[in-house]
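**Student:** Protein chains in written order, with numbering that gives the first Met the number 0: chain A, 0 to 250; chain B, 0 to 108.
One thing to keep in mind: the hints can contain errors.
[To be verified] Footprint (simulated), chain A over chain B, 3 or more residues, beta carbon under 8 Å:
no., segment
1, 18-28
2, 48-55
[As the list claims (entries may be wrong)] Subject to a maximum C-alpha distance of 27 Å in a straight line, what follows is the list of computed BS3-like cross-link-like pairs (lysine-lysine):
no., chain 1, residue 1, chain 2, residue 2
3, A, K180, B, K10
4, A, K249, B, K42
5, A, K67, B, K10
6, A, K175, B, K10
7, A, K66, B, K42
Think of the hints as simulated: they come from the structure by calculation, not from any bench. Predicted model, so just to flag it, every value in this text is computed and none were measured. Note that CB positions come from ideal geometry on N, CA and C, so glycine has one too.
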Amino acid sequence: MSKIISIHSFRGGTGKSNTTANIAALLAKDGARVCVVDTDINSPGIHVLFNLDDSDMVHSLNDYLWKKCTIEEAAHDVTGRIGGDIKGQILLIPSSIKPGEIARILRDGYDVGLLNDGFRDVVDKLKLDYLLIDTHPGLNDETLLSIAISNILVIILRPDSQDYQGTAVTVDVAKKLDVPKMVMLVNKTPSAFDFDDVRERVEQTYDVKVGAVLPHADEMMTLASSGIFSIQFPDHPITKGLQKLVEQIKK
Amino acid sequence: MSSPLFDSIRKELEARKDDIRPSDIILFSEPLRTALNAVIHLKRFSLTEFAANLPFTREETKLLADLLIKRNLFELFAESPGEPVYMARLSAMTRPLTRPPTDLWKKID
Chain A
0 MSKIISIHSF
10 RGGTGKSNTT
20 ANIAALLAKD
30 GARVCVVDTD
40 INSPGIHVLF
50 NLDDSDMVHS
60 LNDYLWKKCT
70 IEEAAHDVTG
80 RIGGDIKGQI
90 LLIPSSIKPG
100 EIARILRDGY
110 DVGLLNDGFR
120 DVVDKLKLDY
130 LLIDTHPGLN
140 DETLLSIAIS
150 NILVIILRPD
160 SQDYQGTAVT
170 VDVAKKLDVP
180 KMVMLVNKTP
190 SAFDFDDVRE
200 RVEQTYDVKV
210 GAVLPHADEM
220 MTLASSGIFS
230 IQFPDHPITK
240 GLQKLVEQIK
250 K
Chain B
0 MSSPLFDSIR
10 KELEARKDDI
20 RPSDIILFSE
30 PLRTALNAVI
40 HLKRFSLTEF
50 AANLPFTREE
60 TKLLADLLIK
70 RNLFELFAES
80 PGEPVYMARL
90 SAMTRPLTRP
100 PTDLWKKID
């Protein structure tokens, strides 16, 4: 059965898009057919990780929302762009990076119901195993829509007081929306921290399972979004942690 | 005669003037909230499936579904004799993203 997974963080800069891209890569590596939707229309960025340029984008999520194309026409096959031995397939529905188009959608809005229909349709039409929704940070009605229709919600936070407070709000809302499964990912953890202690405290605080506690890593910063970390560094502790998270998602 | 619980939920929906948004779902009284969450996860659902999540008669459930259609949360997808099939669209309205989330935080608080 296909699964819809929302990847969310209350605050920006948690590594949400990077995590989404890596989850997609690891699922596809094992043979799954995965589609990633960039719903961060205000500040799109995940296309960079898949090496997709503006000039390569035939259609975007914006075009679908303006009824210029179908949702499947906005999907780009990025499997061959990330390297590695990928047995499955990765499709990406990017948000437009044209300043005029971002401004237009911010100014005019869009039919949120269409976004709802698009998520549902793309799973069937592209025969997906997984639909990953890269959400906008924080909470708004569009994000709540993604969370409400998801089978799994992955919540990313850093071990930081501001993240802890905001995440509590997200978890509370997700529980009220009866999301069937929630998994937390603690990202960018300083090496001085006791990772088992961090995991235990987060699980106790939110009553949600922690899929992985990932270390802060210079290699991630050095990669600078020029590729998918788990493909470039398959034996790194971050990749091992992401694999554990993916196992939780597959269960 | 309808139950006080049904009457209070019906009044709650009838009092609404705007379309229902995802953030409204978290505020609905039980058992409506849980029932809506359950059918939202189904792509399409019948009146029977909606009714299975509510402690009301089929006629009462149909009345609630009609109110939810009026507020653009449900859409009638197909109707075979006595068995309407719905889709939950979670808001069919267009709105600027720049519009302040206004009451969202109040709802969460």
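**Student:** Which hints from the list above does the structure break, by number from lowest to highest?
**Tutor:** Violated: hints 2, 3 and 5.
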